[in-house]
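Q: Here are the chains, one letter per residue:
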Amino acid sequence: MAALRFVWRARVTAARAAPELGSRRVFTAERVVQVAAIVGLVVAPAFTSDFFVSFVLTQALLLGVVAASLIFLAAYGGMVSLAQTLMFGVTGFVIGNAVTTGGSKGLNLGLDPWIGVILGVGITTVLAFVLGAVASRSTGLYFLMITLTFGVIGFYFFGQVTTFSGFGGVNQVRSPPFIGTPGQFPERLYYVAAVISVVVYLVLRYITRTPFGLALQGIRDDHVRMSSLGYNLWIHRTLAFTLAGFVASIAGVLFIWWNRQIDPASIGIGAILGLLIIAVIGGINRLDGAWVGAIVFVVANNYVRDVPGLNQIGLGEARFNTIIGFIFLFIVLLSPDGLIGIGQRITRSLTPARMHTSRDPGYDSGSGSSEMM
Amino acid sequence: MKKSSQRSTVQWTALVAGWSVAASLAAWVLVFANGTPAEPLLSEPADFVVVVLNSLTIAGLYFIVASGFTLIFGLMRVVNLAHGSFFLLGGYLALEFQKTMVGKTRNILGSDVGVIDWVLPLLLAAMITGVLGLIMQQLFLRKFQGQDMRETLITIAISVILADLMVAWFGGIGVDIQWPGLIDNAVVVFGIRYSVTRLFMLGFAIVVGIALWGWLQKTRTGMIIRAGVDDTSMVQALGINVQWVFGLAFLVGSALAGMGGVMGGSFAGLAAGVDGQWLLNSIIVVIVGGLGSLTGALAGSLLLGTVTAFAPAYLPAGFTNYSIIFTFVLLGAVLAWRPYGLFGEPE
Numbered sequence: 001m002a003a004l005r006f007v008w009r010a011r012v013t014a015a016r017a018a019p020e021l022g023s024r025r026v027f028t029a030e031r032v033v034q035v036a037a038i039v040g041l042v043v044a045p046a047f048t049s050d051f052f053v054s055f056v057l058t059q060a061l062l063l064g065v066v067a068a069s070l071i072f073l074a075a076y077g078g079m080v081s082l083a084q085t086l087m088f089g090v091t092g093f094v095i096g097n098a099v100t101t102g103g104s105k106g107l108n109l110g111l112d113p114w115i116g117v118i119l120g121v122g123i124t125t126v127l128a129f130v131l132g133a134v135a136s137r138s139t140g141l142y143f144l145m146i147t148l149t150f151g152v153i154g155f156y157f158f159g160q161v162t163t164f165s166g167f168g169g170v171n172q173v174r175s176p177p178f179i180g181t182p183g184q185f186p187e188r189l190y191y192v193a194a195v196i197s198v199v200v201y202l203v204l205r206y207i208t209r210t211p212f213g214l215a216l217q218g219i220r221d222d223h224v225r226m227s228s229l230g231y232n233l234w235i236h237r238t239l240a241f242t243l244a245g246f247v248a249s250i251a252g253v254l255f256i257w258w259n260r261q262i263d264p265a266s267i268g269i270g271a272i273l274g275l276l277i278i279a280v281i282g283g284i285n286r287l288d289g290a291w292v293g294a295i296v297f298v299v300a301n302n303y304v305r306d307v308p309g310l311n312q313i314g315l316g317e318a319r320f321n322t323i324i325g326f327i328f329l330f331i332v333l334l335s336p337d338g339l340i341g342i343g344q345r346i347t348r349s350l351t352p353a354r355m356h357t358s359r360d361p362g363y364d365s366g367s368g369s370s371e372m373m
Numbered sequence: 001m002k003k004s005s006q007r008s009t010v011q012w013t014a015l016v017a018g019w020s021v022a023a024s025l026a027a028w029v030l031v032f033a034n035g036t037p038a039e040p041l042l043s044e045p046a047d048f049v050v051v052v053l054n055s056l057t058i059a060g061l062y063f064i065v066a067s068g069f070t071l072i073f074g075l076m077r078v079v080n081l082a083h084g085s086f087f088l089l090g091g092y093l094a095l096e097f098q099k100t101m102v103g104k105t106r107n108i109l110g111s112d113v114g115v116i117d118w119v120l121p122l123l124l125a126a127m128i129t130g131v132l133g134l135i136m137q138q139l140f141l142r143k144f145q146g147q148d149m150r151e152t153l154i155t156i157a158i159s160v161i162l163a164d165l166m167v168a169w170f171g172g173i174g175v176d177i178q179w180p181g182l183i184d185n186a187v188v189v190f191g192i193r194y195s196v197t198r199l200f201m202l203g204f205a206i207v208v209g210i211a212l213w214g215w216l217q218k219t220r221t222g223m224i225i226r227a228g229v230d231d232t233s234m235v236q237a238l239g240i241n242v243q244w245v246f247g248l249a250f251l252v253g254s255a256l257a258g259m260g261g262v263m264g265g266s267f268a269g270l271a272a273g274v275d276g277q278w279l280l281n282s283i284i285v286v287i288v289g290g291l292g293s294l295t296g297a298l299a300g301s302l303l304l305g306t307v308t309a310f311a312p313a314y315l316p317a318g319f320t321n322y323s324i325i326f327t328f329v330l331l332g333a334v335l336a337w338r339p340y341g342l343f344g345e346p347e
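Those protein sequences? They're chains F and S, same order as listed. Just so we're aligned, residue 1 is where the first sequence starts under my numbering, counting upward by one. Just so we're aligned, residue 1 is where the second sequence starts under my numbering, counting upward by one.
Simulated from the structure, these hints should not be mistaken for lab results. Check before you lean on any hint, since a few could be wrong.
[Stated by the list, open to error] Computed spacing ranges between beta-carbons, pair by pair: (1) S:G269 <-> F:T351: 57 to 63 Å; (2) S:N107 <-> F:F178: 23 to 29 Å; (3) S:I206 <-> F:W234: 39 to 45 Å; (4) S:A237 <-> F:W234: 34 to 40 Å; (5) F:L310 <-> S:V175: 26 to 32 Å; (6) S:A237 <-> F:S349: 38 to 44 Å; (7) F:G168 <-> S:T320: 17 to 23 Å; (8) F:F47 <-> S:I135: 46 to 52 Å; (9) S:I135 <-> F:G168: 36 to 42 Å; (10) S:W244 <-> F:F326: 25 to 31 Å.
[Unchecked claim] Residues from chain S that keep clear of chain F, each with C-beta distances beyond 10 Å, as calculated: (11) I116; (12) G181; (13) A186; (14) F200; (15) G239; (16) V245; (17) L291; (18) N321.
Owing to the predicted nature of the structure, the values given are computational and were not obtained by experimental measurement. Each residue gets a CB set at the ideal place from its N, CA and C atoms; glycine is no exception.
This is chain F alone, in the form it adopts within the complex:
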């Protein structure tokens, strides 16, 4: 068995860690999109309503960060982890227990919000290391199922153990004063989330080009060879999982500041699959797919009621999950590299061939389906 990989990743995207031969070119389509995205992020609040900034943009950014941790593991480590929602939630619950002062479920420790952040991120990262150590000896579908059980057990844990939460959740969680509540100052949390998103994207991209990141991709592609070369597969996978847990926990901090409340339903099986759907819709082979998927998901969630005709066929707002399920199904059936893949095929067909020949290594990562398992 080769390391897990997506056979259906027919074309290797330029975002892979292989040295980018054509990166000297200044005006590539990708760079134009990146600059446009940054400019868009900065000016967006000036042109949109507070509701849109808080409920759509901020939520999409923070979901994008969690999805990026999933995509990092899937695309570069070959590990599709469904435990990222748990990491995100544990941070939320730890912060909730640490900073509330009473009137809520949980421990109500009443600590400073920043100490809550340190505790939340610290505990989550340690937990990610432990869970990663257990799960990382398995690969492929086994890994997916084990991490799914981690996530669902976490849901039941916080539901049943009323010391920490109970099904009602932890309410009225304070955020640091300079951020305030999203109701008062929607732009403040938005800009924090925007900066964190950009930093997470750049750092994860950088890590994929470090020796550690390259080794991780080697393990993904051929773990037997990497093992023979003396690499410790388990350590690499576990550390990658820990790093992804750390990234997800940062999103957990943003979530608890944004939502001011967390309950087990936020990390239940619906949320777990929702995150996977975000990653797949955006494109599970590329980090930027995380935010593309998140914005599509959040916009669909908020505006599906406005689409004419859907209510008439019984698919109104209440059936959001059916609609998103069908979108997910079509993406998986038609474009396994998600919306990013669709976009790339369109740009490729529009630009002259020489524009991208140097950037595309041109090999087929999944030529043999026998390598899948």
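Given the coordinates of chain F, assemble chain S onto it according to the supplied hints.
A: Just chain S now, with coordinates in the frame of chain F:
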């Protein structure tokens, strides 16, 4: 030949070791149970017997559901994450059939339900879920055979759609399927009172298990399936239509999920979210037992049944809500020792 007998020794050692760990844990709890809620149970060993019976009966239900899951994976390397949805759908369909047969839409009592009013809905629901599983496989999965992650994602999409549609069709409120009045009571043996329906569940699971075993071991179809598990391309080269066998596996596997749903719906009720819960149970059983192995599913069911029955009953007062931790401990302990489950093999 020698290799396989060695492996089976390893497997038996694993099974025995697993059980002795469970038994010694139970013994440990028993010895140190003074001052805990387990103390009154100790003074009455009858209650211990009841917990053991509970663990066996719930293990029976776990086995019915998980055997379908493991059958599909063993043959086709498809992790069918819509398995829980077929479970719930089977339960809801059987309830609708039962309502029609009894002629009442609510407050169905045990005295209203004859044996046939339970068995016929069970068979119909199992048939329908089986056919739906077959349709899903033929329509969506067949084209992507061998791309196992993609197939898994497709089953996830279907589970999301089905879960939402079931909320729309059957409502979000929990409902029960009524057991036949004949068995919906309790027996008293040696002063121990025990529910007949639970014993019936155990008996039913044993019958299903033996039927599956006989089918896989003694019939020509079963031999083809086992050969397909070992080496699909060789079976194909021998001129056997493997596609037909794959379809059959999906039919039977999904029918088992639906059948489990009728049992589970009669035993514990149906509601939105139950699909995820039973998917989790099946996954834990097969991760512990080893994917694709029927013996593994049996061992995993027994271990999970032991944990879920003993943990809440014997934890000290005030800590019973931590019982879910022990499911995780079981999973972690098995994976640390055998990453591919007790009876599984590295891929």
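Q: Each hint should be assessed against the structure and marked as holding or not.
A: Each hint, compared with the structure:
1. S:G269 <-> F:T351: 57 to 63 Å: Taking Cβ atoms as reference, S:G269 and F:T351 lie about 58 Å apart, which means the hint holds.
2. S:N107 <-> F:F178: 23 to 29 Å: 59 Å, violated
3. S:I206 <-> F:W234: 39 to 45 Å: Between S:I206 and F:W234, where Cβ atoms are some 40 Å apart, the hint holds.
4. S:A237 <-> F:W234: 34 to 40 Å: Holds, since S:A237 and F:W234 (Cβ atoms, about 37 Å apart) stay within the stated range.
5. F:L310 <-> S:V175: 26 to 32 Å: 28 Å, holds
6. S:A237 <-> F:S349: 38 to 44 Å: 41 Å, holds
7. F:G168 <-> S:T320: 17 to 23 Å: For S:T320 against F:G168, whose Cβ atoms are near 19 Å apart, the range 17 to 23 Å holds.
8. F:F47 <-> S:I135: 46 to 52 Å: Holds, at about 48 Å.
9. S:I135 <-> F:G168: 36 to 42 Å: Check passed, 41 Å falls within 36 to 42 Å.
10. S:W244 <-> F:F326: 25 to 31 Å: Distance hint for S:W244, F:F326 holds at roughly 30 Å.
11. I116: S:I116 clear of chain F: closest Cβ-Cβ about 35 Å, beyond 10 Å.
12. G181: 34 Å, holds
13. A186: 28 Å, holds
14. F200: 28 Å, holds
15. G239: 21 Å, holds
16. V245: Answer for S:V245: holds, closest chain F Cβ roughly 18 Å.
17. L291: S:L291 is in fact no farther than 10 Å from some Cβ atom of chain F, at 7 Å.
18. N321: S:N321 not clear of chain F: closest Cβ-Cβ about 4 Å, inside 10 Å.
Consistency with the previously given hints fails for numbers 2, 17, 18, ordered from lowest to highest.
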